[in-house]
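Enquirer: Starting from the given sequences, assemble the full structure and let the hints guide the process.
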Amino acid sequence: MTTDVKDVAIYYDASKCTACKGCQVACKQWNQLPSALSTEGVKFNDSFEYPPNNSGDTWLHIGFDEGEDSNGDFRWAFGRTSCQHCTDAACVSVCPSGACHKTPQGAVVIDKEICIGCQYCVAACPFGVPKFRERDNKTRKCWMCLDRIENGKRPACVSTCPTGALDFGDRYELIARAKARVEEIKPNKPDAVVYGIKEMGGLHVIQVLPFGPGAVGLPENPKVSNLTLASKYMKPFAGIGALAVAGFAALSWIRGRGYERGPEDLSYDPKTGITYDKGVPVDYDKPLAKDDTVDASAEASEQERGGE
Amino acid sequence: MTKYIKRHDGFARANHWTFSVGGVVLGLTGLLLFIPGLGQLVGYNTLKTATIIHRIFAVCFIVIPALSWIIRPANFKHTFHNLFMKWDDDDKEFMKLFFPYMLNPKKYHMPKQQFVKSGQRFSDILMYLCIFGIILSGILLWIGSNIGPHWLFEIWRAGHDLCFLGIAMMFPIHIFLGGGIFEPYHRVARVMFGDGLVTESDALYHWGHWAEEEIASGENIVEK
Chain P
1 MTTDVKDVAI YYDASKCTAC KGCQVACKQW NQLPSALSTE GVKFNDSFEY
51 PPNNSGDTWL HIGFDEGEDS NGDFRWAFGR TSCQHCTDAA CVSVCPSGAC
101 HKTPQGAVVI DKEICIGCQY CVAACPFGVP KFRERDNKTR KCWMCLDRIE
151 NGKRPACVST CPTGALDFGD RYELIARAKA RVEEIKPNKP DAVVYGIKEM
201 GGLHVIQVLP FGPGAVGLPE NPKVSNLTLA SKYMKPFAGI GALAVAGFAA
251 LSWIRGRGYE RGPEDLSYDP KTGITYDKGV PVDYDKPLAK DDTVDASAEA
301 SEQERGGE
Chain X
1 MTKYIKRHDG FARANHWTFS VGGVVLGLTG LLLFIPGLGQ LVGYNTLKTA
51 TIIHRIFAVC FIVIPALSWI IRPANFKHTF HNLFMKWDDD DKEFMKLFFP
101 YMLNPKKYHM PKQQFVKSGQ RFSDILMYLC IFGIILSGIL LWIGSNIGPH
151 WLFEIWRAGH DLCFLGIAMM FPIHIFLGGG IFEPYHRVAR VMFGDGLVTE
201 SDALYHWGHW AEEEIASGEN IVEK
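Protein chains in written order, with the working numbering: chain P, 1 to 308; chain X, 1 to 224.
Please keep in mind that the hints were generated in silico from the structure rather than gathered at the bench. Keep in mind that a hint or two might mislead.
What the hints assert, rightly or not - Which bits of chain X does chain P cover? Going by a derived footprint, with three or more residues having C-beta under 8 Å, they are:
| id | stretch |
| --- | --- |
| 1 | 20–31 |
| 2 | 66–78 |
| 3 | 137–148 |
| 4 | 201–207 |
By construction, the Cβ of each residue, glycine as well, lies at the ideal position given by its N, Cα and C atoms.
Expert: Written as structure tokens, this is what we have:
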């Protein structure tokens, strides 16, 4: 593998996974991610799952789910919670600093040096993958071991898998392999699917899921949430709105030019309750004010002169 | 000698400007987060500094008005009394004529108004709602995404954006009118930019009912 590699993917065949969590450990080792060294508030629940979820220090998490398959038979589903490296990544579209970006290989990476810890990506991801790490105020997640793949190696998780459930390579070749594998296991695993071909514009983690995505907590049809979309469309709307308001104000300013009213034009007599404009009573019921009062004032002066 | 009416004292003006400066700084620094391209354009260091400034001013934005209301509870009462006072026929007529007037101020004579015009009362209610929303969502965003489900954090974020949008829409009009850029409002700027006084004539033009009450009572009249 060389640095010019394009459109690569991680392959995960859950039907071959024994949930040994070697990948989870390898990820931590290579990326120097500490263990929480506590139960993180999790009480004993007779699950092999630990820690309970992915976090800023656990970028790959193997989940266990006990249940029944569509035939009513017992099934034990293992799932991999880690970045799916979406083609249409919601996290990239909301990142204000550009820390969250796509690489030519198809990986979605958070550059920790320029992450400002706003956590917008945390909220936008339909898979709940990026997590905020309070110890350094940064959001962290799997980065496909970019340092390794740029140097011709496979991601740490892949390199350690003892059963061949994980692999790494050209995305299209892995899709073909996953499809063939699903065909192979379909007679015994009727719910088996390939996950990652079209979801979010195509994922860069291609998964064989013998019990379907729901069994391992993956959304059937992941999409950018309506709120993220609304925020996205709110921005041009804000621009158009601000321009419209400014345009209205500009038009109003033009129409208001030349308006004159002296600082002592209006006065009020509290005894009579009458407001005067240059000595002429103001008739508030008349819509025409300025022009009208000017005329009325002239008329009044005319009458006064006539009277004299 | 020109007759003036006292409209805003120094305390109210100081409060207004503290709130305004805080709001502008919050708006400008928030804009870098609101528009991702803008944040990326200014670079990491500026953006990171902006987020810190944003938080410092957010605290001032909450604490200073809150303190002012604690120091002078009457101001709080006065503000909310004005906001929610019953609308009379003049208030409704004012709203009806607002846009025609803005486009042809030489033609329309606006009906008499109370201390706060009905149009401003309407926009103030929206403004206060947006400010309340932006403060609440801002605090929750600050607390972070590790508390509660992610969709909740997303609601706060969208709410913060929406409230910002609302304020951003109302702000230019407030500047245009309150800053006296619109010629019929020319001398109104004095009530906040100047000594807080308004001439009897201007008071009658803008807030007829209030001006009549003040002139009749004579308590806040100054001649100079």
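Enquirer: The structure should be examined with respect to each hint, and the outcome stated for every one.
Expert: Taking the hints in turn, this is what the structure says about them:
1. Requiring three or more residues with a Cβ within less than 8 Å of a Cβ of chain P, the coverage given for the stretch 20–31 of chain X is violated, as only 0 such residues are present.
2. Residues of the stretch 66–78 of chain X lying with their CB closer than 8 Å to a CB of chain P number 0, which falls below the three-residue condition for coverage.
3. Given a C-beta distance limit of less than 8 Å, the hint that chain P covers the stretch 137–148 of chain X holds, as 4 residues qualify and 3 suffice.
4. With 4 residues having a Cβ less than 8 Å from any Cβ of chain P, the stretch 201–207 of chain X passes the three-residue criterion, so the hint holds.
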